[in-house]
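Peer 1: Sequence:
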Amino acid sequence: MQRIIGTEVEYGISSPSDPTANPILTSTQAVLAYAAAAGIQRAKRTRWDYEVESPLRDARGFDLSRSAGPPPVVDADEVGAANMILTNGARLYVDHAHPEYSAPECTDPLDAVIWDKAGERVMEAAARHVASVPGPRSCSSTRTTSTARAPPTGRTKTI
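Per the numbering used here: the sequence shown = residues -17 to 141.
Worth double-checking, as some hints may not be accurate.
[What the hints assert, rightly or not] Derived DEER-like restraints, expressed as beta-carbon distance ranges:
| hint | residue 1 | residue 2 | range |
| --- | --- | --- | --- |
| 1 | E102 | I(-14) | 18 to 26 Å |
| 2 | A100 | A18 | 14 to 22 Å |
| 3 | A100 | R42 | 30 to 38 Å |
| 4 | D93 | R24 | 27 to 35 Å |
Simulated from the structure, these hints should not be mistaken for laboratory data.
Even glycine gets a Cβ: it sits at the ideal position worked out from N, Cα and C.
Working from the sequences, and respecting the hints, build out all of it.
Peer 2: And the structure:
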């Protein structure tokens, strides 16, 4: 039986000199910085289909109206723009209040490792390029792997 495998890595961003920095905004800046540095033009990007996703939908399936929700932190179009399918088939996006890299699915464990490492390189580039935005930031990642038979395991790495 051939299994489909892949990894997702959640990255954290902190701004030590500004403890009030908004994580959604800094995450959006990091993802968009990578897109700009990689020359991925906004109009030509493959964007994620949000038809079944909503940031105002809670786990029980209830939708909060935009007027009853918190004021927007960043332009809704910018949040959508900070969500892209990369040329290797991976997805780089802001998941709630942190950047996340979802490697492309594959059937070979070595390929999974290669694409996972590619994600580290993507986020290293994002961290370098977001440095042009005022205020210092620190990036860290938590890698979670799981299968249908094994519980998730986590590991954190600072970039």
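Peer 1: Now look at each hint and say whether the structure bears it out.
Peer 2: Hints, one by one, checked against the model:
Take E102 and I(-14): their Cβ atoms lie about 22 Å apart, and the range 18 to 26 Å holds. Separation of A100 from A18 is about 19 Å and conforms to the stated range, judged on CB atoms against 14 to 22 Å. For the pair A100 and R42, the beta carbons lie near 36 Å from each other, so the given range of 30 to 38 Å is met. Distance hint for D93 and R24: a CB-CB separation of about 30 Å, consistent with the stated range 27 to 35 Å.
Checked against the numbered hints above, the structure breaks none of them.
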